[in-house]
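Student: The chain contents come next:
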Amino acid sequence: MPRRVRFLGLAAILWLATALLSGCGGAGQAKSAYKDTVPLPAEPLVVEMAEPGTYGGRFVFAETAPPRTFNTIMANESSSYDVTDGRLYVPMLDFDNATEEMKPRLASSWEISPDGKTSTWHLRRGAAFSDGHPITSEDILFSFEVYMDDTLHVSLYDFFKPYGQKFKLSAPDSYTVVIETAGPYAMLLGVVGSVYIMPKHMLNPAYQAGRFASAYNVNTPPESVVTSGPWKLKEYVPNEKTVLTRNPYWCGVDSKNQRLPYLDELIYLIVPNQDTAALKFEAGEVDALDDVKAENFQTYLTNQNKGNYTFYDLGPTLNTNFFWFNMNRVRDSKSGKKLGSLYADPVKYAWFVNQDFRKAVSKAIDREAIIKSVYYGYAVKNWSTMTPGNKTWYTPEVVHYDYDLEGAKKLIAGLGWKDTNGDGIVEDQQGHPVRFNLKTNSSNVMRVAMANFIKDDLAKIGIAVDVTPLEFNSLITNLRQDFQYDAILLGLQSATPPDPGMGQNVWRSSGITHYWNVKQPKPETPTEARVDQLMSENVQTNDVAERKRTWKEMQDLVNEQCFIIWLPVIQFKVPVRNRFGNVHPTIIPHRILWNIDRVFVKAQQPRA
Amino acid sequence: MRTYVLRRLLQVIPLLLGISFVTFVLLQLAPGDYINTVAENPMISAERLDAMRREFGLDRPWYVQYGLYLKNIFLHFDFGESFARHQKVFVILREGLLNTLLLALAAAVVTWGLAIPLGVWAAVRQYSWLDKGLTVFGVIGLSIPEVLSGLLLLMLAARTGWLPVGGMHSLDYDQMDWVGKGIDLARHLALPALVVGLTPLAGRMRQMRGNLLDVLRLDYVTTARAKGLSENVVVFKHALRNAINPLITLFGYTLGSLVSGALIVEIIFAWPGLGRITYDALNARDQYLVLGSVLMASFVLVLGNLVADLLLAIADPRIAYD
Chain A
2 MPRRVRFLGL AAILWLATAL LSGCGGAGQA KSAYKDTVPL PAEPLVVEMA EPGTYGGRFV
62 FAETAPPRTF NTIMANESSS YDVTDGRLYV PMLDFDNATE EMKPRLASSW EISPDGKTST
122 WHLRRGAAFS DGHPITSEDI LFSFEVYMDD TLHVSLYDFF KPYGQKFKLS APDSYTVVIE
182 TAGPYAMLLG VVGSVYIMPK HMLNPAYQAG RFASAYNVNT PPESVVTSGP WKLKEYVPNE
242 KTVLTRNPYW CGVDSKNQRL PYLDELIYLI VPNQDTAALK FEAGEVDALD DVKAENFQTY
302 LTNQNKGNYT FYDLGPTLNT NFFWFNMNRV RDSKSGKKLG SLYADPVKYA WFVNQDFRKA
362 VSKAIDREAI IKSVYYGYAV KNWSTMTPGN KTWYTPEVVH YDYDLEGAKK LIAGLGWKDT
422 NGDGIVEDQQ GHPVRFNLKT NSSNVMRVAM ANFIKDDLAK IGIAVDVTPL EFNSLITNLR
482 QDFQYDAILL GLQSATPPDP GMGQNVWRSS GITHYWNVKQ PKPETPTEAR VDQLMSENVQ
542 TNDVAERKRT WKEMQDLVNE QCFIIWLPVI QFKVPVRNRF GNVHPTIIPH RILWNIDRVF
602 VKAQQPRA
Chain B
315 MRTYVLRRLL QVIPLLLGIS FVTFVLLQLA PGDYINTVAE NPMISAERLD AMRREFGLDR
375 PWYVQYGLYL KNIFLHFDFG ESFARHQKVF VILREGLLNT LLLALAAAVV TWGLAIPLGV
435 WAAVRQYSWL DKGLTVFGVI GLSIPEVLSG LLLLMLAART GWLPVGGMHS LDYDQMDWVG
495 KGIDLARHLA LPALVVGLTP LAGRMRQMRG NLLDVLRLDY VTTARAKGLS ENVVVFKHAL
555 RNAINPLITL FGYTLGSLVS GALIVEIIFA WPGLGRITYD ALNARDQYLV LGSVLMASFV
615 LVLGNLVADL LLAIADPRIA YD
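Protein sequence lines, in the order shown, are assigned to chains A and B.
Position one of the first sequence corresponds to residue 2 (my numbering), numbered consecutively onward.
Position one of the second sequence corresponds to residue 315 (my numbering), numbered consecutively onward.
The following block holds chain A by itself, in its conformation from the complex (with noise of 0.2 Å):
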């Protein structure tokens, strides 16, 4: 008996102790020499790239939460994206990071009538699916088809209307595809270059019997998951890992002729706990993050040589963050409230919809300190959706409102709004304490910091704030659906390719992203209309320097209304193991990902 209880107590002990003693294990690469069986396509694509590399290796990358789907037309998050798009499937051409222009994917070429009305596109000769089947203009209409069904009605569903009309296709031959638009429309490169074309011989029963939604779910075997992309599936473990290794039929090739994808496997191994993330790559164990906290930039500096890695600077972020105040409306007959009605206190709303108002809190918030406080000094002052790591939208002279604490108290004075009884905190002309909630999502830290300064800020010129962190999905629901604040900072992802017509949402008074003032039936305001009216004529044409007048335009027109309250982004940088060759990461999503099927493992490892 006592032998048994001892017993007992030394396995527990005898286990954690072989466990720790069993030896480290060293993630051992061997590499290996892929042998190319597969004869190169007619028409290969030649990918452009520093240097021609080798075959061998994997990639481990780190994500926060597992794909949900192999589909990636009926994806919704960047986990699930960050798998699909770009490695699993790709469209007809392709947004380069690099050059930052459209590049040529599945097609070998195209050409728009001078009306801008026909686009005729070319396919590539000879690409092929995973498995071999190739790829024909039947898998390109079915794409499409399925992008613009109007029962699925997928996220991109409204970029197939311009002029309210949905795109016309058409296949004269097995390598040619016809798109008809009502009339010149400058996304169509965009659009075209988002439908990733997924294979109609493995999809269309699916399609057919309504299923398509769930078909290439998680739970599909890893070698039905047929893909047009330089990738395919080669493994899933639920919450752990996706396995991605080359599809030997993809089209691309190095200027060797060399068929790429280098890397044997490319890996996403699930770390839900950013700092267990941090921790798996200071041991080896992870190439590359994505996601590295600003507190963190300066320790990731300093051990660049130690830890063999190159900490990457990849300039500001594409993603905003702003906010702006509640001028909405009633429009939904069913939320029980008199149409058109205010949501907003009235007491509240006559402020928010002064521009006084909004320019003097604007000009009272100290972005400088804020950057040096919550950002470490690693982030920019930015004043439209298009920021300044944006090489081809951005736009430095744009008008803005920045920190002039004696200008702001100036506007406040000019409203004549006074504190009377002398508790900090001014009053309206009838009256009214000038005081509003600022609400946030408590998840992201910057934010709640953020708004922390800026309710120190406005109390400066007299005005308190409420900071009020919310639970995520809390705070969609004021901001979707009950409208129940009075102001809120968020930010907004950019899109790819981050132009402003994809944004259309934002800008239009009619979008539901036009937070300040969502699904006007009519343009509010005189400057609201002329937006309106400057986003049509940007969409609607081929010619950029026509558009970048239009899209100057109508950032000055919001950005003098002060409608949106802009705020800092952050400068973002991301750390990559040096073993790699032809890494390059951009700010544009995915980041790291974007160019992986030219990262190769180089020959001589400094450090195993």
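Just so you know, the hints here were simulated from the structure itself, not pulled from any lab data.
Computed from a predicted structure; not experimentally measured.
Warning: the hint list may mix true and false statements.
To be verified - Over 10 Å on every C-beta distance to chain A, these chain B residues come out as not near it, computed from the model:
id	residue
1	339
2	379
3	444
4	447
5	455
6	485
7	529
8	536
9	543
Unchecked claim - Restraint-style ranges between C-beta atoms, simulated for each label pair:
id	chain 1	residue 1	chain 2	residue 2	range
10	A	207	B	456	51 to 59 Å
11	B	613	A	258	55 to 63 Å
12	B	374	A	523	29 to 37 Å
13	B	374	A	134	38 to 46 Å
14	B	415	A	307	56 to 64 Å
Don't be surprised by glycine CBs; every beta carbon is placed ideally from N, CA and C.
Got chain A; can you put chain B on it based on the hints?
Tutor: What follows is chain B alone, placed relative to chain A:
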């Protein structure tokens, strides 16, 4: 005995029904739904959101949704589909349940494997330095939050390279032979099991010590000693068996709570368990996945209690069910 087990299992049905109702109502009362979480895409249109709401049946009143949910369970044993993953809830939960049970089992080995011998040891050497030392150690283990101890252990693993930094398998796991696989799993299991197992250790150890001390004061122990039995036989054969009963009941409870209670550790150690699936589902308001996971956890808890009661009957001949 058989009727007793059957009766207990039948009692589970109204219990789970009640739990599912309360969970469903709570989910409805919480602001927002799954559609909210996908709405933060500047490209998504109002029509797309409405189409999704219709597709998932979220446009119907909650009692209709709940009624349909129950109907599918009773008619088809179908617990619904996850909104985000377009998969049957059962399939998703199955993925995590085994991993969580493995972690719970390993943690139980740590807790009980240390608590029983240490508790006995402390009891037979009451008020010695060893007894006091174990108490201090236990209290420290109890008071360090799992987040902290977890991250500290991971830091140790990263700096020394002795153990892997989180996860469940090495990347080369598939290429290993079965011995290698076993060792690999044990190495990945060691730290999370230690963290999960250490928290209840102090309590269980003190319980064991207290129970044994109570029993050691009883007359029959004195009698046994007077008979001239060796101290080992007195303690382990006569006293321990009587002292261990309450711990068996506790064992059943911990089994249930371990399944639902390892969430933080699963996140920090990147352990692919049930807790993380539930947490993600809750954040995404993926309501049928949340319901399924709550029902599963409740079922395991009830099962754990039943197992404890049955074990008690085996350990103590005075207890019988019929």
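Student: Would you mind marking each hint as holding or not holding in the structure?
Tutor: Hint by hint, here is what the structure shows:
1. 339: Check passes; 17 Å lies beyond 10 Å.
2. 379: Consistent with the label, residue 379 (chain B) stays out of reach of chain A, its closest Cβ about 17 Å off (over 10 Å).
3. 444: holds, 14 Å
4. 447: At about 16 Å from chain A, residue 447 (chain B) clears the 10 Å cut-off, so the statement holds.
5. 455: Non-interface label on residue 455 (chain B) holds, nearest chain A Cβ at 14 Å vs cutoff 10 Å.
6. 485: Given that some Cβ of chain A is not farther than 10 Å from that of residue 485 (chain B), nearest at about 6 Å, it is violated.
7. 529: About 15 Å separates residue 529 (chain B) from the closest Cβ of chain A, which puts it past 10 Å; holds.
8. 536: Its Cβ never comes within 10 Å of chain A, the nearest being 20 Å, so this holds.
9. 543: Its Cβ never comes within 10 Å of chain A, the nearest being 12 Å, so this holds.
10. A:207 - B:456: 51 to 59 Å: holds, 53 Å
11. B:613 - A:258: 55 to 63 Å: holds, 59 Å
12. B:374 - A:523: 29 to 37 Å: Since the Cβ atoms of residue 374 (chain B) and residue 523 (chain A) sit about 33 Å apart, the hinted range of 29 to 37 Å holds.
13. B:374 - A:134: 38 to 46 Å: holds, 41 Å
14. B:415 - A:307: 56 to 64 Å: Violated: the Cβ-Cβ distance is about 41 Å, outside 56 to 64 Å.
Checked against the numbered hints given earlier, this structure breaks hints 6 and 14; the rest are met.
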